[in-house]
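A.B. asks: Chain residues, written in single-letter form:
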Amino acid sequence: MPKVTYIEFDGAEHVVDLPEGWTLMQGATLNGVDGIEGECGGSCGCATCHVYVDEAFLDKLDPPSETEEEMLDCTVSPRESNSRLGCQIKATAALDGLILRLPEAQS
Amino acid sequence: MSEFRFDPFSPENDADPFPAYKILRDEHPAFWCDEAGMWVYSRYDDIMTALNDWETYSSAKGNLVSELPGRAGATLGTTDPPRHDRLRALIQKAVTKKALTHLEEPIRAICKTHLAALKGRTRFDFVAEYSSNVTVDLLFSLFALPKEDHAEVRVNAVLMAQTDAKTRQKGPEHLAAYQWIMAYADKLVAERRKAPGDDLLSDFITAEIDGEKLLDQEIRNTIGTLLMAGIESLSGFMSVMALNLADYPEARRALAADPKLIPDAIEESLRFNTSAQRFRRCLTKDVVAHGVTMKAGDFIMLAYGAGNRDERRYPDPDRFDITRKPKGHLGFGGGVHACLGTQIARLTCAIAFEEFLAAFPEFTRVEESLPWVPSSNFRSPSKLDLAVA
Numbered sequence: 001m002p003k004v005t006y007i008e009f010d011g012a013e014h015v016v017d018l019p020e021g022w023t024l025m026q027g028a029t030l031n032g033v034d035g036i037e038g039e040c041g042g043s044c045g046c047a048t049c050h051v052y053v054d055e056a057f058l059d060k061l062d063p064p065s066e067t068e069e070e071m072l073d074c075t076v077s078p079r080e081s082n083s084r085l086g087c088q089i090k091a092t093a094a095l096d097g098l099i100l101r102l103p104e105a106q107s
Numbered sequence: 001m002s003e004f005r006f007d008p009f010s011p012e013n014d015a016d017p018f019p020a021y022k023i024l025r026d027e028h029p030a031f032w033c034d035e036a037g038m039w040v041y042s043r044y045d046d047i048m049t050a051l052n053d054w055e056t057y058s059s060a061k062g063n064l065v066s067e068l069p070g071r072a073g074a075t076l077g078t079t080d081p082p083r084h085d086r087l088r089a090l091i092q093k094a095v096t097k098k099a100l101t102h103l104e105e106p107i108r109a110i111c112k113t114h115l116a117a118l119k120g121r122t123r124f125d126f127v128a129e130y131s132s133n134v135t136v137d138l139l140f141s142l143f144a145l146p147k148e149d150h151a152e153v154r155v156n157a158v159l160m161a162q163t164d165a166k167t168r169q170k171g172p173e174h175l176a177a178y179q180w181i182m183a184y185a186d187k188l189v190a191e192r193r194k195a196p197g198d199d200l201l202s203d204f205i206t207a208e209i210d211g212e213k214l215l216d217q218e219i220r221n222t223i224g225t226l227l228m229a230g231i232e233s234l235s236g237f238m239s240v241m242a243l244n245l246a247d248y249p250e251a252r253r254a255l256a257a258d259p260k261l262i263p264d265a266i267e268e269s270l271r272f273n274t275s276a277q278r279f280r281r282c283l284t285k286d287v288v289a290h291g292v293t294m295k296a297g298d299f300i301m302l303a304y305g306a307g308n309r310d311e312r313r314y315p316d317p318d319r320f321d322i323t324r325k326p327k328g329h330l331g332f333g334g335g336v337h338a339c340l341g342t343q344i345a346r347l348t349c350a351i352a353f354e355e356f357l358a359a360f361p362e363f364t365r366v367e368e369s370l371p372w373v374p375s376s377n378f379r380s381p382s383k384l385d386l387a388v389a
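From first to last, the protein sequence lines stand for chains Z and V.
Residues in the first sequence are numbered consecutively from 1, following the working numbering.
Residues in the second sequence are numbered consecutively from 1, following the working numbering.
One or more hints might be untrue.
Said to hold, decoys possible - Derived SDA-like pairs: lysine to any residue, alpha-carbon spacing no greater than 25 Å straight-line:
no. : chain 1 : residue 1 : chain 2 : residue 2
1   : Z       : Lys90     : V       : Asp45
2   : V       : Lys93     : Z       : Pro2
3   : V       : Lys325    : Z       : Val76
4   : V       : Lys295    : Z       : Val76
It is worth saying that the hints were derived from the structure and are not from the lab.
Remember, predicted model here, so these are calculated numbers, not experimental data.
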């Protein structure tokens, strides 16, 4: 199972073993990572699973879909070049060691 | 020992599916259900895996346990990506939390109107006299529908979601209700095409995807589903939540004393006994799970209500605990098809119960045994008499 590290805005770190095929949003909401809300349930409809992806992994991700692009414009904390929505990225072996930094606020 | 059976059509299941869910989770995690003619997933992790993998667990052959004719492939809930994503994007923006703040005052006004009508009463039916009225008024205002259609739309939207316990399928009255809603949707489409307004329906009807107009059948079926979900599911959920607050007086008193706790209580109700109990998918390839092989083309029921009580995910799952904060619950499904109306539902419920508890902080249920909506998909009381202090 790929290991993913979530770093909360206050610096708290959570290392989560994520089953392949589950999303980065689910890895957080199901493991007590408070800095991700995921209130729409993973349908790319709320922008409350905003994450900043470690630069080293950006190339390993599929680019955001048109819907994700639009929702990324709705994040509460600033959108950066490494901003993504956690519900749109599924865990794969290639993402083992991924580091995600969480924004100050989601809603 | 008799062989274990799970009958999602039986009145016993409508009333209390939870003991059977536990047996399913513990002893038959991938169960063949003869009554429904499909497999059943009941553990949280299996349901979540299915929801994440829409390519294997397809919705394009329908998502209702007892599907209605003509829906497969023609609604948001019954289409796979990428077309699903493009259809959904048309509506999604209109129903985000931010886009809905303008609804707060109208919803509150609707709630106050129906509560004023209950003033001075010592008992009433929460379903007929509050939750139904609030949700129908809300939907009519969202879609700018004529008021005189209220009663008929509600009756038919509620009926189309039901199933017959004896024949284990939709009965003639359910199909007639569905046809009525489809004809009503057709009429709306024709009217709004001629004279579009600034309502959600007009936006959807006039929208194009990739320069291609939506098919009339797609629009009609999606509107029919939105009417069913907006009226039946939301009102059903509110009724279940009222039942929880009647049965757990300490929780109710905590909410009445501090309405800021209501959103957490809504999440726990969505976990504890969501009205959306079971939906289905169709396998696009063979899947081996828990030692059984399920074939491509087989249908599988995802029992959200069972996953939400899975002790492997939620400790002490049969306890209604408003401090639990059950993130990731399946009360709205999940994945690409997660309920479109999550924010409308949360907002409406929060306001509806803020106002209700302010008016009636103390209530108990009158009947020990309740009548339940007959449905292989949904679960809510069809009548909930409350005695108020």
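A.B. asks: For each hint, tell me whether it holds in the structure or not.
C.D. replies: Right, here's what the structure says about each hint:
Between lysine 90 of chain Z and aspartate 45 of chain V, the direct Cα distance comes to roughly 15 Å. Compliance with the 25 Å bound is thereby established for this hinted pair. Taking the CA atoms of lysine 93 of chain V and proline 2 of chain Z, the gap is near 33 Å; set against the 25 Å cutoff, the hint is violated. Only pairs whose Cα atoms come within 25 Å are accepted, and lysine 325 of chain V paired with valine 76 of chain Z is accepted, the gap being roughly 22 Å. For a cut-off of 25 Å, the pair hint linking lysine 295 of chain V to valine 76 of chain Z is broken: about 44 Å separates their Cα positions.
Violated hints, in rising order: 2, 4; the structure is consistent with all others.
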